[in-house]
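**Q** In order, the protein sequence lines correspond to chains A and B.
The letter at position 43 of the first sequence is residue 43 when you use the working numbering, and the numbering goes up by one with no holes.
Just so we're on the same page, the working numbering is the position in the second sequence counted from 1, plus 250.
Simulated from the structure, these hints should not be mistaken for laboratory data.
Keep in mind that this is a model prediction, so the values were computed, not measured.
Don't be surprised by glycine CBs; every beta carbon is placed ideally from N, CA and C.
A hint or two may mislead.
Okay, derived cross-link-like pairs now, DSBU-like style, lysine-lysine, Cα gap no bigger than 30 Å in a straight line [claimed, not checked]:
no. : chain 1 : residue 1 : chain 2 : residue 2
1   : A       : Lys208    : A       : Lys98
2   : B       : Lys310    : B       : Lys326
3   : B       : Lys261    : A       : Lys241
4   : B       : Lys310    : B       : Lys261
5   : B       : Lys309    : B       : Lys381
6   : B       : Lys309    : A       : Lys98
Here chain B is said to cover these stretches of chain A; the calculated rule only asks that three of the stretch's residues, wherever they fall, bring their Cβ under 8 Å from a Cβ of chain B [stated by the list, open to error]:
no. : segment
7   : 56-63
8   : 95-103
Residues of chain B clear of chain A, computed beta-carbon distances all greater than 10 Å [said to hold, decoys possible]:
no. : residue
9   : Ile254
10  : Ser255
11  : Ser285
12  : Glu304
13  : Trp313
14  : Val324
15  : Asp338
16  : Gly380
17  : Asp451
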Amino acid sequence: MARAAVLGRLNWQLGSVAELVQETPRVSSLVLDLPEWPGHLAGQHVDVRLTADDGYQAERSYSIASAPEDRRLAITVERLDDGEVSPYLVGEVQTGDKIELRGPIGGYFVWRGNDDRPLFLVAGGSGVVPLMAMIRHRAAIKSTTPTRLLYSSRSQEDIIYRAELDALSAAEDSLTVAHCLTRKQPPGWRGYARRIDRAMLEEVAWPKEQNPIAFVCGPTPLVEGVASLLVDMGFDAASIKTERFGPTGG
Amino acid sequence: MSFISRGFRGKRRDTASSSRVPPGQYVVNDFPVLSAGPTPRVALSEWTFVVEGEIDQPKKWTWEEFRKLPAEEVTKDIHCVTKWTKLDTVWSGVSIDTILDGVETAAEYVMAFSYGGYTTNLPLEDLTGGKAWVAYEFDGQPLHPEHGGPARLLVPHLYFWKSAKWVRGLRLVNEDQPGFWESNGYNMYGDPWREQRYWGD
Chain A
1 MARAAVLGRL
11 NWQLGSVAEL
21 VQETPRVSSL
31 VLDLPEWPGH
41 LAGQHVDVRL
51 TADDGYQAER
61 SYSIASAPED
71 RRLAITVERL
81 DDGEVSPYLV
91 GEVQTGDKIE
101 LRGPIGGYFV
111 WRGNDDRPLF
121 LVAGGSGVVP
131 LMAMIRHRAA
141 IKSTTPTRLL
151 YSSRSQEDII
161 YRAELDALSA
171 AEDSLTVAHC
181 LTRKQPPGWR
191 GYARRIDRAM
201 LEEVAWPKEQ
211 NPIAFVCGPT
221 PLVEGVASLL
231 VDMGFDAASI
241 KTERFGPTGG
Chain B
251 MSFISRGFRG
261 KRRDTASSSR
271 VPPGQYVVND
281 FPVLSAGPTP
291 RVALSEWTFV
301 VEGEIDQPKK
311 WTWEEFRKLP
321 AEEVTKDIHC
331 VTKWTKLDTV
341 WSGVSIDTIL
351 DGVETAAEYV
361 MAFSYGGYTT
371 NLPLEDLTGG
381 KAWVAYEFDG
391 QPLHPEHGGP
401 ARLLVPHLYF
411 WKSAKWVRGL
421 RLVNEDQPGF
431 WESNGYNMYG
441 DPWREQRYWG
451 D
């Protein structure tokens with residue numbers, strides 16, 4: 001195909017693990033040195049391929065967590081105990097190990113930062129990862145695009161990037177972060193203490209008159225529920241972009 | 251195999267099904283949902299299915315008319331580009347051979363289009379000859395909207411993004427133009443056995 005020839009193949013490349021960051025008890029970020037990385041857009045993902053010594057291979061997709069401007073590429077992985085790839089990436093991998101991957105992949109669930117529309121980001125669990133790439137990109141380019149993140153986690157200790165989100169939202173009036181904790185709340189918790197519902201979205205989302213763009217990423221029930229409520233609230237369906245991270249995977 | 255992931259063993263699958271799993275895929279038992287935006291709401295009273303484009307007489311069915319077309323039940327393995335494969339899925343619907351019965355066209359390609367604006371491109375010959383259906387039941391039940399109901403295209407020999415959810419019609423075209431995912435980094439053809447996931451694969 002002529003098109004393929006022009007665009008070229010996404011070749012497998014080897015990165016070495018420069019740093020491991022434990023984000024929560026079950027989630028780690030792998031920060032990679034990738035000499036041949038072509039660059040990416042905030043929201044894109046990579047395919048990771050693991051190879052056993054007898055040639056057996058397993059592949060999975062992971063969202064990129066780092067901003068395009070960051071010196072190194074980071075992916076953030078949630079360990080699924082019955083998974084195949086995530087228990088290796090979160091548990092087995094050590095600094096200095098090599099990881100084979102290709103990317104960047106996906107041209108739709110991306111935010112380029114060249115658009116004035118207010119951003120409404122909704123995350124469930126590790127669905128925050130591609131949204132964090134957008135928030136980091138926004139900070140790196142000093143964008144003042146009005147941005148709100150509504151982020152649902154099971155408990156406070158499950159909040160990924162908590163300190164960084166606190167710091168970024170404290171430093172920049174145009175970014176606000178609202179947390180909800182669905183299973184367990186610490187004493188004195190002032191955020192939401194229930195699953196995302198319409199009343200919560202009406203409090204946190206930009207009014208439809210401001211023509212916001214929404215990115216929603218998380219497990220399927222959250223994504224389906226939030227996208228459907230936003231349509232009910234009058235959001236333009238074409239301005240709601242969704243991505244899934246369900247229990248399937250690993 | 252030049253590179254080995256230090257310490258990786260993996261979960262081996264049983265050999266009986268491994269010949270049915272394309273490279274880079276793994277078997278799931280649930281049915282994951284993937285879509286790029288909100289699930290469109292399509293009332294059956296307003297649903298229609300059309301065949302248009304390079305055809306003398308465009309064809310159109312209402313839901314009632316469509317459900318009167320001869321139906322088939324098929325059991326197929328399906329392969330999603332996000333790496334999951336689901337074996338032995340059971341669908342009911344109408345063969346594209348039935349839908350295109352009597353149609354004469356010089357077109358070699360098809361753009362499938364959906365409620366909600368989704369599109370995907372396929373060669374016509376990949377839809378005919380007992381290879382593709384418009385399915386409205388999964389596992390004996392009406393197809394759930396999250397999985398593409400009221401009706402979705404079913405083209406199980408290609409990656410599953412080609413099996414357009416919420417399908418509204420087929421446009422017969424002379425040139426292969428990229429659909430939604432094909433414009434966003436995914437392969438024009440999408441053969442799972444050749445691992446044609448992305449541009450250039």
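**Q** Would you list, in rising numerical order, the hints stated earlier that this structure does not obey?
**A** 1, 3, 4, 6, 9, 10, 11 and 17
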